[in-house]
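Each protein sequence line maps, in turn, to chains C and W.
Quick note on the numbering used here: the first sequence kicks off at 11 and runs consecutively.
Quick note on the numbering used here: the second sequence kicks off at 11 and runs consecutively.
Since the hints were derived computationally from the structure, they do not count as laboratory data.
Any given hint could turn out to be false.
Since the list gives no way to pick one copy over another, a pair counts as held whenever it fits inside one copy or between any two copies.
[Claimed, not checked] Straight-line Cα separation of at most 20 Å, SDA-like style, residue types lysine to any residue; simulated pairs: (1) Lys333 <-> Gln292; (2) Lys147 <-> Ala208; (3) Lys293 <-> Arg67; (4) Lys51 <-> Asp40; (5) Lys147 <-> Gln33; (6) Lys55 <-> Ala21; (7) Lys112 <-> Arg161; (8) Lys51 <-> Ala21; (9) Lys29 <-> Lys284; (10) Lys112 <-> Ile97; (11) Lys147 <-> Asn137.
Letter by letter, the chains look like this.
Protein chains: 2
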Amino acid sequence: MASLLLKSTLALELPKINKALTQAHALLPDPVKPVAEHIFKAGGKRLRPFLTVLTGRLLGYDQDAIYRLAITLEMLHAATLLHDDVIDDAPLRRGQPAAHTKFSLTETILAGDALLAMGNAIVAEFNDPMLSSSFSKATSDTCAGEINEIRHQHDPNVSEATYFQIILGKTARLISCACEMGAILAHASKDQISASLAFGENIGIAFQLVDDALDFESEKITGKPTAGDLREGKMTLPVRYYLETLDNKAKEDFLEQFKRGSFTPDACQEIAAKIKDLALDQKTRTCANMYLAKAIDALNTLPDRQEKKLLLAMTDYVRDRKK
Amino acid sequence: MASLLLKSTLALELPKINKALTQAHALLPDPVKPVAEHIFKAGGKRLRPFLTVLTGRLLGYDQDAIYRLAITLEMLHAATLLHDDVIDDAPLRRGQPAAHTKFSLTETILAGDALLAMGNAIVAEFNDPMLSSSFSKATSDTCAGEINEIRHQHDPNVSEATYFQIILGKTARLISCACEMGAILAHASKDQISASLAFGENIGIAFQLVDDALDFESEKITGKPTAGDLREGKMTLPVRYYLETLDNKAKEDFLEQFKRGSFTPDACQEIAAKIKDLALDQKTRTCANMYLAKAIDALNTLPDRQEKKLLLAMTDYVRDRKK
Numbered sequence: 011m012a013s014l015l016l017k018s019t020l021a022l023e024l025p026k027i028n029k030a031l032t033q034a035h036a037l038l039p040d041p042v043k044p045v046a047e048h049i050f051k052a053g054g055k056r057l058r059p060f061l062t063v064l065t066g067r068l069l070g071y072d073q074d075a076i077y078r079l080a081i082t083l084e085m086l087h088a089a090t091l092l093h094d095d096v097i098d099d100a101p102l103r104r105g106q107p108a109a110h111t112k113f114s115l116t117e118t119i120l121a122g123d124a125l126l127a128m129g130n131a132i133v134a135e136f137n138d139p140m141l142s143s144s145f146s147k148a149t150s151d152t153c154a155g156e157i158n159e160i161r162h163q164h165d166p167n168v169s170e171a172t173y174f175q176i177i178l179g180k181t182a183r184l185i186s187c188a189c190e191m192g193a194i195l196a197h198a199s200k201d202q203i204s205a206s207l208a209f210g211e212n213i214g215i216a217f218q219l220v221d222d223a224l225d226f227e228s229e230k231i232t233g234k235p236t237a238g239d240l241r242e243g244k245m246t247l248p249v250r251y252y253l254e255t256l257d258n259k260a261k262e263d264f265l266e267q268f269k270r271g272s273f274t275p276d277a278c279q280e281i282a283a284k285i286k287d288l289a290l291d292q293k294t295r296t297c298a299n300m301y302l303a304k305a306i307d308a309l310n311t312l313p314d315r316q317e318k319k320l321l322l323a324m325t326d327y328v329r330d331r332k333k
Numbered sequence: 011m012a013s014l015l016l017k018s019t020l021a022l023e024l025p026k027i028n029k030a031l032t033q034a035h036a037l038l039p040d041p042v043k044p045v046a047e048h049i050f051k052a053g054g055k056r057l058r059p060f061l062t063v064l065t066g067r068l069l070g071y072d073q074d075a076i077y078r079l080a081i082t083l084e085m086l087h088a089a090t091l092l093h094d095d096v097i098d099d100a101p102l103r104r105g106q107p108a109a110h111t112k113f114s115l116t117e118t119i120l121a122g123d124a125l126l127a128m129g130n131a132i133v134a135e136f137n138d139p140m141l142s143s144s145f146s147k148a149t150s151d152t153c154a155g156e157i158n159e160i161r162h163q164h165d166p167n168v169s170e171a172t173y174f175q176i177i178l179g180k181t182a183r184l185i186s187c188a189c190e191m192g193a194i195l196a197h198a199s200k201d202q203i204s205a206s207l208a209f210g211e212n213i214g215i216a217f218q219l220v221d222d223a224l225d226f227e228s229e230k231i232t233g234k235p236t237a238g239d240l241r242e243g244k245m246t247l248p249v250r251y252y253l254e255t256l257d258n259k260a261k262e263d264f265l266e267q268f269k270r271g272s273f274t275p276d277a278c279q280e281i282a283a284k285i286k287d288l289a290l291d292q293k294t295r296t297c298a299n300m301y302l303a304k305a306i307d308a309l310n311t312l313p314d315r316q317e318k319k320l321l322l323a324m325t326d327y328v329r330d331r332k333k
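Model the full structure from these sequences, guided by the hints.
What follows is the structure in structure tokens.
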């Protein structure tokens, strides 16, 4: 079965990814090491490094240097999480204390900067301008995605197109870059590099859509408070679908509260219950499936090797994940 | 005269540097544009871009693309200033309101991230792994320098070697990278690239030493409060020299206060007055001159062109500056 194969491969690869992370961590400036360790140990599935490794292997790169490249996006991802921790001022991250609650503002900001700088420096070691270009564009786009998301928080008029732009930036770009960098490292053809990027971009969008659906599913499963996105004024797809079910008066009331950020915890629970009753989380997952189908189309243009099955299994994982 | 030549050249080059900055600024995400504009307009001598342009021209690069490369270090520098603003929580920067007093924490942090990301992306456009490597190493080293400086704030036992490491990281690396990148862009020889880097590194160290001397010179001149470094617990060279003039008891008292950060404004004024009376600011400037001599030695290995006179004039500027 694909998912057993995926799990066992991940079990084999994870120690190599973590070893590369540990080696990089050892070279960070001492004062930020504990912060970086905290964020690396706080969980995370190493999805991005794993995608770089699989894409690189699929396209014929067989050397161990791939692990060092693979961790750069995990470092960039960690950097964004650390700065987000400061910005959001939320107490938890992945169910663990957020970095800024355990470390000072200074340590948290500088650890993010140091991780981003080191990620960049490691990519530059590979002496390939295409890799540096891919990484730096992904960094810019991710940063722009986060900025746009914050800009449109509590904005009742944010369009669906903007919502998709935001998730493309804040989530999908790092994942598409992970796949693109694997392909570039393997010296794949231009078409194969584009297909790898498209695969990553589409599973990235699907990943975020599933995340947005999960936000209205059980708190016990996700470890995050239900409807956290709604509380934070994020107009995600399940919320859009929910709005479509309301009459004009109810819609107006909802948008007014959305704008003011005045939903009570009880109101959030109630909205989450309705979203589940109306199967709007499932409808969001259906939309995610459309992107997964696009990812599979892109994957199908790549060579038939063992890793293709694993990347296919990744689409199942993204589709089925419950937390 | 060299300094007139320098001023008139800078007057000619500055609009081109600022035009490249304006073009890059236009592509930043909208919400962070005002923050970036604030930091770019808050002053700054465009020392780093100017050095890239001069070094590149000296070594034979004659195209306009150099302005686009030159501004990347100004962007990185601005990014570090923005994050410093948040970290230091000081009301002023270069005599102007600090970014975090005019913009939110979120905007200030993300503007720094966006500037760093864009600086990286622009360097990557040049498709030269040596440029990406130079820029990313300078980013890492600068970040490490800042982290080390903060780590040793109010540390009475910080060694002179550590002090020099800190100023190398926090100030000299960006300046050495500015010169190195100009030489790399000009496809200079390995020795010329090293000499350019050495020139930048040494004027960078001298620049910071003069800055540390200026901290004890007049408030009216610098626009910064006198002995600000001492208040912030920074054991700069004038402070080290001052310590050497104290007997054991006085030294112990001083270090205790330094550790606790308990100098009153009056005490600071008094120490600043003593440092000036004992000409310890001048002694620091003498030390800076030693580094400027090293910079000139490095410069002398480079070709005899008009730009060499300008770079030589830069060493005069660094030596003589009063603010």
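Hint by hint, here is what the structure shows:
no.: 1; hint: Lys333 <-> Gln292; in the structure: within (15 Å within a copy, 64 Å between copies)
no.: 2; hint: Lys147 <-> Ala208; in the structure: within (15 Å within a copy, 31 Å between copies)
no.: 3; hint: Lys293 <-> Arg67; in the structure: neither (35 Å within a copy, 60 Å between copies)
no.: 4; hint: Lys51 <-> Asp40; in the structure: within (17 Å within a copy, 34 Å between copies)
no.: 5; hint: Lys147 <-> Gln33; in the structure: between (25 Å within a copy, 17 Å between copies)
no.: 6; hint: Lys55 <-> Ala21; in the structure: within (11 Å within a copy, 54 Å between copies)
no.: 7; hint: Lys112 <-> Arg161; in the structure: between (27 Å within a copy, 17 Å between copies)
no.: 8; hint: Lys51 <-> Ala21; in the structure: within (16 Å within a copy, 52 Å between copies)
no.: 9; hint: Lys29 <-> Lys284; in the structure: neither (45 Å within a copy, 54 Å between copies)
no.: 10; hint: Lys112 <-> Ile97; in the structure: both (15 Å within a copy, 16 Å between copies)
no.: 11; hint: Lys147 <-> Asn137; in the structure: both (17 Å within a copy, 13 Å between copies)
Consistency note: the structure conflicts with the earlier hints numbered 3, 9.
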